[in-house]
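Each chain, letter by letter, is given below.
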Amino acid sequence: MKTICFYFQIHQPFRLKRYRFFNIGRDHYYFDDYANEDILQQIAARSYIPANRMLLDLVNQYKGKFKVAFSISGVALEQLEIYAPEVIEGFRELSKTGNVEFLAETYAHSLSSLFDPEEFRNQVTHHAERIEMLFDQKPTVLRNTELIYDDKIAEMVYDMGYTKMITEGAKHILGWKSPNYIYQAASEPKLKLLLKNSRYSDDITYRFSNYSWNEYPLTAEKFISWIAATPSEEEVFNLFMNYETLGNIQPSHTGIFEFMKALPRFAFEHEIGFSTPREALENNKPIGAITVPNPISWSDEERDVSAWLGNKLQQSALKSLYEVGERVRLCTDRRLKQDWLYLQTSDHFYYMSTKHFGGEQSQFSPYMSPYDAFNNYMNVLSDFIARVKAQYPDTVDNEELNALLTTIHNQEMEIKRLQMELKTVIGSNEALLVKKIKKTEKAGKD
Amino acid sequence: MKALMFGWEFPPHILGGLGTASYGLTKGMAKQEDMETIFVIPKPWGDEDQSFMKIIGANNTPIVWRDVPWEMAEARLGKLMNPQEYYWMRDNIYADFSYMHTNDLGCIEFSGRYPNNILEETNNYSIVAGVIARTYDFDVIHSHDWLTYPAGLHAKSISGKPMVIHVHATEFDRSRGKPNPIVYGIEKDGMDNCDHIICVSNLTRRTVIENYHQPYWKVTTVHNAVEPLSPEIASIKKLSGVQEKVVTFLGRITMQKGPEFFVDAATQVIRKTAHIRFVMAGSGDMMDQMIRLVAERGIAHKFHFTGFLRGKQVYEMLKSSDVYVMPSVSEPFGISPLEAMQCGVPSIISHQSGCSEILNNVIKTDYWDVDAMADAIYSICTYPAMAEYLKEEGKIEVDNIKWEDAGLKVRRIYDSLMQ
Chain A
1 MKTICFYFQI HQPFRLKRYR FFNIGRDHYY FDDYANEDIL QQIAARSYIP
51 ANRMLLDLVN QYKGKFKVAF SISGVALEQL EIYAPEVIEG FRELSKTGNV
101 EFLAETYAHS LSSLFDPEEF RNQVTHHAER IEMLFDQKPT VLRNTELIYD
151 DKIAEMVYDM GYTKMITEGA KHILGWKSPN YIYQAASEPK LKLLLKNSRY
201 SDDITYRFSN YSWNEYPLTA EKFISWIAAT PSEEEVFNLF MNYETLGNIQ
251 PSHTGIFEFM KALPRFAFEH EIGFSTPREA LENNKPIGAI TVPNPISWSD
301 EERDVSAWLG NKLQQSALKS LYEVGERVRL CTDRRLKQDW LYLQTSDHFY
351 YMSTKHFGGE QSQFSPYMSP YDAFNNYMNV LSDFIARVKA QYPDTVDNEE
401 LNALLTTIHN QEMEIKRLQM ELKTVIGSNE ALLVKKIKKT EKAGKD
Chain B
1 MKALMFGWEF PPHILGGLGT ASYGLTKGMA KQEDMETIFV IPKPWGDEDQ
51 SFMKIIGANN TPIVWRDVPW EMAEARLGKL MNPQEYYWMR DNIYADFSYM
101 HTNDLGCIEF SGRYPNNILE ETNNYSIVAG VIARTYDFDV IHSHDWLTYP
151 AGLHAKSISG KPMVIHVHAT EFDRSRGKPN PIVYGIEKDG MDNCDHIICV
201 SNLTRRTVIE NYHQPYWKVT TVHNAVEPLS PEIASIKKLS GVQEKVVTFL
251 GRITMQKGPE FFVDAATQVI RKTAHIRFVM AGSGDMMDQM IRLVAERGIA
301 HKFHFTGFLR GKQVYEMLKS SDVYVMPSVS EPFGISPLEA MQCGVPSIIS
351 HQSGCSEILN NVIKTDYWDV DAMADAIYSI CTYPAMAEYL KEEGKIEVDN
401 IKWEDAGLKV RRIYDSLMQ
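Chains A and B, in that order, are what the protein sequence lines are.
Numbering-wise, the first sequence is residues 1 to 446 according to our numbering.
Numbering-wise, the second sequence is residues 1 to 419 according to our numbering.
Since the hints were made in silico from the structure, they are not lab data.
Be a bit skeptical, because a hint or two may be false.
[As the list claims (entries may be wrong)] These stretches of chain A come out as covered by chain B in the derived footprint (C-beta under 8 Å, 3 or more residues):
#	region
1	12-23
2	310-320
3	365-372
[What the hints assert, rightly or not] No farther apart than 30 Å at their CA atoms in a straight line, the calculated lysine-lysine pairs in the DSS-like style are these:
#	chain 1	residue 1	chain 2	residue 2
4	A	Lys319	B	Lys409
5	A	Lys312	A	Lys389
6	B	Lys395	A	Lys312
7	A	Lys355	B	Lys402
8	A	Lys355	B	Lys409
9	B	Lys391	A	Lys319
10	B	Lys272	B	Lys391
11	B	Lys272	A	Lys17
In this text, all values refer to a predicted model and were calculated from it rather than measured experimentally.
We put the beta carbon where it would ideally sit given N, CA and C, even for glycine.
All chains should be built: construct the whole structure from the sequences, respecting the hints.
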């Protein structure tokens with residue numbers, strides 16, 4: 001039986017405020033609270049809230065036969081908690097139905113998988129804990145930032161204990177193969193992969209309201225008939241998209257909500273079911289391995305990582321950032337650690353992309369130009385790095401520092417232990433003393 | 001297609017960007033096989049590049065008949081033009097100008113600069129244009145900037161040929177919105193009576209439409225380009241005198257160029273950093289004021305003035321710079337950032353300059369946004385990736401901005417006027 005696997009991505013970066021070089025060393029707050037709140041609340045009102053409501057209705061209406069999955073970045077979760085807690089509440093309700101799955105991803109929606117394996121591991125763990133705390137379910141399927149994937153990442157992911165992962169069905173990787181099957185990683189055959197069906201996903205995300213598209217208007221009936229018409233061996237149709245597709249990228253007046261509402265009915269008519277990524281991966285056997293020597297992602301025509309790493313500006317900013325990673329992990333300052341996460345968000349680097357000057361992407365950027373983005377980010381990063389360096393003397397290298405910190409930590413534990421011991425000794429002595437006094441008092445009375 | 005162009009400056013004897021642009025455009029158009037250009041300037045020096053066009057000096061064009069022997073004509077004019085042409089032009093003197101002050105060849109003297117009696121010079125230039133227009137055969141008239149509009153109009157009235165005017169700058173740019181009424185009058189008259197107007201940027205086009213009340217269909221933008229660097233200039237080495245990064249302002253120190261914003265940005269940067277120095281190269285009527293301002297701000301130890309630079313010195317200055325800044329308040333085009341980019345110098349330009357319309361690999365700020373400008377300067381001097389990226393990509397970008405392409409656009413306008 002054919003099955004449709006929906007997964008929606010929710011992510012919002014902590015956008016940086018205008019941070020001039022004369023702020024360096026003086027101002028340690030980097031974020032544009034006003035813009036972040038404004039943007040998040042707009043999107044929540046237009047997309048997240050009505051979409052949550054619609055999905056909940058569908059899940060209830062079809063009594064467990066309609067299923068979806070979400071991946072919500074940690075930085076988005078934090079912003080939702082601050083600015084639109086009703087959205088979190090909506091996800092909780094969805095989670096309670098048992099038909100909605102939450103995926104694990106990097107907490108900061110970062111590119112750490114490409115630069116800093118330890119950070120990658122930490123962030124995924126951190127994120128999974130957060131999801132479990134909020135939604136009471138432990139994620140078993142991993143989705144890396146922007147669906148970035150290659151053979152090395154596969155190994156890391158498997159080492160972290162994940163056996164299921166989601167990525168892009170990039171044409172240059174698949175070639176003649178179809179994304180509508182389960183695959184396994186060539187470098188780690190026990191890692192099962194679910195690949196995005198770009199055509200059908202983008203039909204909904206980008207082409208749905210495009211008048212010049214020859215298939216316009218796209219109805220649920222037509223869409224399902226395409227899926228039904230595929231060869232019967234092709235069973236899993238992975239529709240992965242930004243959650244904002246519902247209501248923001250495709251505003252509600254385009255009829256996107258009605259399309260989604262009608263979709264299950266036509267699917268069931270054609271005996272097409274729905275499943276979550278975990279189920280899809282568990283219920284199907286991989287039919288082959290795919291090799292990905294260079295990282296792929298779901299971005300741009302090239303489906304590679306050039307949107308974040310395409311030019312020298314981006315490379316240099318990322319390099320400067322991850323150079324201090326080890327040192328940051330030795331620090332205990334909570335604000336510093338929080339900023340460290342927020343500064344890793346991939347969007348900061350996307351804004352520096354010079355790939356399409358004046359093109360479509362620039363509408364997402366809060367900056368006038370990629371240079372402006374780089375400039376602002378580097379100023380913030382300079383201040384951040386100075387703060388990291390101020391934590392411990394610069395002359396001590398990380399390894400030595402780590403040893404020293406461990407010694408201090410151990411000694412602290414030792415002191416605590418001794419103090420406890422001392423307390424018990426004093427306590428027992430006091431007890432003895434009390435006994436003695438009581439005895440003498442007794443003796444005196446007698 | 002033969003064009004009669006009227007210009008005021010021509011390399012190597014240039015005072016501003018007008019000469020460079022006229023030269024580049026003519027050279028770019030010469031790549032079109034059937035294109036011939038006669039270029040009139042007030043005063044040729046004899047060392048102009050005449051390989052792709054003919055130059056006629058207004059100061060060598062007779063307006064009063066004198067009996068000049070061939071030997072004398074050859075001795076006096078030989079290195080500037082074919083002496084025979086002097087006689088052809090002499091045959092076309094159309095009125096009695098003997099009341100005017102002329103030399104022994106019957107020609108008017110021109111300074112070829114921007115003297116105080118510039119209005120008289122433009123008028124004389126127009127008288128000379130009458131002789132030239134009667135002597136030579138051409139299909140279209142092309143006037144560069146207001147000084148030559150009266151000459152172009154005169155040539156048009158004699159020949160009946162279509163006239164194009166090329167607006168490199170308007171009086172509104174030069175005066176920050178307080179135009180001299182006489183100059184404005186000449187500009188307006190030229191625009192009203194010509195057949196088409198070419199502007200060097202959309203910014204200028206807007207000024208022409210809004211402030212000179214021209215119909216939009218009559219005004220077309222043709223962005224300037226830049227000549228490739230000659231090998232001699234390309235081989236100039238960086239003069240490294242100081243350890244610090246050098247940030248340069250290069251241009252006339254006048255109101256239009258916004259030098260005070262450069263000083264303000266420099267003040268911010270110098271107060272905060274130790275690795276950046278500033279240079280203001282050029283001269284102009286605001287220079288003394290700027291020197292005073294720099295002293296008042298207490299940044300003179302890191303802020304230098306070079307005075308006027310000419311020819312090769314300009315490139316030596318550019319090559320020794322790490323950042324080029326052009327904070328122009330109103331710049332119709334502004335060719336110098338393109339030259340800086342050719343030399344591999346990252347540039348910061350104002351949104352209020354025409355060249356910002358076609359450049360991507362530069363940093364753009366508003367001229368009044370001193371904070372942003374200071375920040376951009378700091379960024380280029382501090383983050384090597386930024387400097388390197390702008391350097392490389394900027395060079396690639398500017399190398400693709402060619403006069404040939406601008407020339408083709410101008411040609412299309414000529415063709416449309418001929419129909």
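Here is how each hint holds up against the structure:
Using a Cβ-Cβ cut-off of 8 Å, 3 residues of the region 12-23 of chain A lie near chain B, which meets the minimum of three, so the contact claim holds. Check result for the region 310-320 of chain A against chain B: holds, 6 residues qualifying (beta carbon to beta carbon below 8 Å, three or more required). A count of 4 residues in the region 365-372 of chain A with a Cβ less than 8 Å from any Cβ of chain B is obtained; the coverage claim is therefore met, three being the minimum. Proximity of Lys319 of chain A to Lys409 of chain B is assessed by CA-CA distance (about 45 Å); at most 30 Å being required, the pair is judged violated.
The hinted pair formed by Lys312 of chain A and Lys389 of chain A meets the criterion: a straight-line CA distance of about 25 Å does not exceed 30 Å. Simply put, Lys395 of chain B and Lys312 of chain A have alpha-carbon atoms about 15 Å apart, close enough for the 30 Å limit, and the pair holds. A hinted pair counts as satisfied when its Cα atoms are at most 30 Å apart, and Lys355 of chain A with Lys402 of chain B qualifies at roughly 23 Å. Restraint check for Lys355 of chain A and Lys409 of chain B: satisfied, since their Cα atoms lie roughly 28 Å apart, inside the 30 Å limit.
Between Lys391 of chain B and Lys319 of chain A, the direct Cα distance comes to roughly 20 Å. Compliance with the 30 Å bound is thereby established for this hinted pair. For the hint pairing Lys272 of chain B with Lys391 of chain B, the CA-to-CA distance comes to about 25 Å; that is within 30 Å, so the pair holds. Annotation: proposed proximity of Lys272 of chain B to Lys17 of chain A holds, straight-line Cα distance about 20 Å (limit 30 Å).
Comparing the model with each earlier hint shows a violation of hint 4 alone; every other hint is respected.
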